[in-house]
Amino acid sequence: MASLDNWKESSDTVRTPGMSKGAFVIQKSRLFQRAVFFSMLNPQPNGAGFVGFVTHDGWNLRNFSGIELKVRGQGENFIYKVNFKHKGQLSDDGSPSYETFFKVPRNEWMTLSLPFDSFKPYYRGRFLPDAEPLDTSDITSVTIQISGGVYEDYKQRGSSSLEIEYMQAVSSHS
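With numbering that gives the first Met the number 0 applied, the sequence shown closes on residue 173, and no number is skipped along the way.
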């Protein structure tokens, strides 16, 4: 990632207890440049809480079948997700976000393929089986997020980092 200028924090910072915080920075060296997503996840007792970063850059991904990330996780938590919004919908307008979860190994680089058909509609963590399909020709926001797992079998809390070598759209022919 060349720049994170268009990425803004979108974390659960308003509840008491359960205020989480994050940072999304570029790490540069003579040999590489990558993004690092730091999170301090402090969820409520039921797991409600999240740390994320969002960009509202518009993407037309109609000619692609998914996204690919090269990542490495460190710290206490290793389950993340990518969320899409489409058609100009906003996070607080009642519309779903299209989410897919991924788990990274501790301290090892891995390349993940996240096909668009793995992105499912959710609203505030609850699955919406009757929502319209994701329109990949009109992606209007992308979020990288870690959550406490309020509706999941797992619970996450504490400090973690996700190094991101790259995130790119890919076609099934590549």
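By construction, these hints were calculated from the structure, which means they are not laboratory data.
Treat the hints with care, as some may be off.
[What the hints assert, rightly or not] Restraint-style ranges between C-beta atoms, simulated for each label pair: (1) Pro132 x Pro44: 29 to 39 Å; (2) Ser136 x Ala1: 20 to 30 Å; (3) Phe37 x Arg61: 25 to 35 Å.
Positions of the beta carbon are idealized from the N, C-alpha and C atoms, including for glycine.
Status of the hints after comparison with the structure:
1. Pro132 x Pro44: 29 to 39 Å: Given about 35 Å between the Cβ atoms, the range holds.
2. Ser136 x Ala1: 20 to 30 Å: At roughly 24 Å between Cβ atoms, alanine 1 and serine 136 fall inside 20 to 30 Å, so the hint holds.
3. Phe37 x Arg61: 25 to 35 Å: 33 Å, holds
Every hint, counting from the list given before, is met by this structure.
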